[in-house]
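Novice: From first to last, the protein sequence lines are chains A and B.
Using the numbering used here, you'd call the opening residue of the first sequence number 1 and step up by one each time.
Using the numbering used here, you'd call the opening residue of the second sequence number 1 and step up by one each time.
Because the hints were derived from the structure by calculation, they are not lab data.
It should be emphasised that the depicted structure is a prediction, and the values quoted were computed from it without experimental measurement.
Errors might be hidden in some of the hints.
[To be verified] According to the in silico footprint, chain B covers these stretches of chain A (three or more CB under 8 Å from chain B):
1. 52-65
2. 91-100
3. 113-127
4. 130-137
Ideal Cβ positions, reconstructed from N, Cα and C, are used throughout, including at glycine.
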Amino acid sequence: MSWRDWLPTPQQMSDAAQLRPSPFGAITMRQGMGMILFLGLVAGIVPLFGDWILGLRTGSAVPLARLGQVGAWLELRLASEPFPVLFLGDLRPWAFFLQTLPQMETGMPGWLGATLSALGRWVQRPLDWLGLWIVYGALVMVVNKALGATHTLQRFYAATAFAFVPLLFTGLAPIPCVGQPLSWLARLWAVAVYLQASRQVTGFSWSRTGVAVLLPGAVAGALMGSLLLGLVLLSLLL
Amino acid sequence: MLQPHSYPRLLGQALVLEPDPCVVLADDDNPWLEGLFLITLLGSGVGFSRLIGGALTGASLPSSEALFQATVQVLRQAQAAPALEAALGRIWPGIALFLGHGGWLRLYLVVATPLAMILFWLAYGLLAHGSARLLGGQGQWNATLGVLALSFAPWVFGLLQVLPFVRVPSLLLGVWGLLIAYRGLEVAHELPPDRAALAALLPMCVLLLLALMGLMGVLLWAAGGGLG
Chain A
1 MSWRDWLPTP
11 QQMSDAAQLR
21 PSPFGAITMR
31 QGMGMILFLG
41 LVAGIVPLFG
51 DWILGLRTGS
61 AVPLARLGQV
71 GAWLELRLAS
81 EPFPVLFLGD
91 LRPWAFFLQT
101 LPQMETGMPG
111 WLGATLSALG
121 RWVQRPLDWL
131 GLWIVYGALV
141 MVVNKALGAT
151 HTLQRFYAAT
161 AFAFVPLLFT
171 GLAPIPCVGQ
181 PLSWLARLWA
191 VAVYLQASRQ
201 VTGFSWSRTG
211 VAVLLPGAVA
221 GALMGSLLLG
231 LVLLSLLL
Chain B
1 MLQPHSYPRL
11 LGQALVLEPD
21 PCVVLADDDN
31 PWLEGLFLIT
41 LLGSGVGFSR
51 LIGGALTGAS
61 LPSSEALFQA
71 TVQVLRQAQA
81 APALEAALGR
91 IWPGIALFLG
101 HGGWLRLYLV
111 VATPLAMILF
121 WLAYGLLAHG
131 SARLLGGQGQ
141 WNATLGVLAL
151 SFAPWVFGLL
161 QVLPFVRVPS
171 LLLGVWGLLI
181 AYRGLEVAHE
191 LPPDRAALAA
201 LLPMCVLLLL
211 ALMGLMGVLL
221 WAAGGGLG
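The shape of chain A in the complex, shown without the other chains (with noise of 0.2 Å):
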């Protein structure tokens, strides 16, 4: 079994991300769940780095060096008064705690805490990737059957994992000032990649393409948007 077994061709790749219909057909999904490995981890490797040399910096695990920036992040923005949210209190305490996690005195040396900790979030993110692929994929497929496709659960996975090509950009996020919008432009273009990829393989019109691709989107803001506010309201009552 060779490596292309597991990957569509850079071409196709690159068509793709390209809106280029050619390569929606030309793909198994054995190579889609093989390419979104693939660009997981390489979108990873400068988050990868960044991960690391934090760790290394603060001397304790990713996730606590994190929450330390946060914690500093509070303390700059919170003003000298109170700032009381919902059942947590005063947040300013809150705050100096965060910045007090990575201090803590932790069973492993800092350095391979650090290490550890940023293989295990370097290998999140594809696995994260998998699994928007496979369940937003399984909600979209609801709605294609509902509105008369009659394409197969394979056929519409190989061609939806190329929406996951643009998404390397995500990777280049740490990088000052021009990261996190570039990050969120190749977010946008992995939407326009997977409606060609959806109209493509259902032969759908664009309109019928989009509420196919975008219902489950709406339907998972709303419940997560009353889910928020029920929180809030039970917040409230504590």
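Place chain B on chain A using the hints.
Specialist: Coordinates of chain B only, in the frame set by chain A:
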């Protein structure tokens, strides 16, 4: 009887929703035994990975006691809702276990992971077989269990949990498993796609409803002060 060295190939094919591994397992001379062996092997591997990864996570974090004391202190300083401190005290053992603390107690993962997988396989298998037969399926109970064992294929990613701070999204395991179960029921029961989808979904809905009822029971019990 299949050889264990053929499992990676079967699991790989199941992940990309190919019908071939379902056919192989359905036509095996003892599909349920094959499925049981496959799940036990996979579950034990994932359990060991979680044990090691959890221990590494715990070692890279402050001790459970120190974290608890610091959190209680900050809750008081911040004048947070008193209910929060009480709730934290009650759920802290669970949080500590989640953070990789718990010492020897974590060894339970090695046994609990495959055991939970086997129990879920049997419960889901029973319900799925019933719903498939109700929907006109022709497959045998033995073959149903065999093909449904393949729905645990996404758990191979759980082996990556040997690294600290790696978590395989539960939705990924659930939805991918459901898609493989759909393919398996389609093959084992020779059902048309829409009926196979229904046969795969119905048992999951029943199990989710039961789990939700159980969770609500636990929450009500906790709200009532538990055993105290």
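Novice: Can you tell me if the stretch 113-127 of chain A counts as covered by chain B, using C-beta to C-beta distances under 8 Å and a minimum of three residues?
Specialist: holds (count 9)
Novice: Count the residues of the stretch 91-100 of chain A whose Cβ falls closer than 8 Å to any Cβ of chain B, and tell me whether that reaches three.
Specialist: holds (count 7)
Novice: Quick one: see if chain B covers the stretch 130-137 of chain A, three-plus residues with Cβ-Cβ under 8 Å.
Specialist: holds (count 4)
Novice: If you look at each residue in the stretch 52-65 of chain A, do at least three have a Cβ nearer than 8 Å to any Cβ of chain B?
Specialist: holds (count 5)
Violated hints: none; the structure is consistent with every hint.
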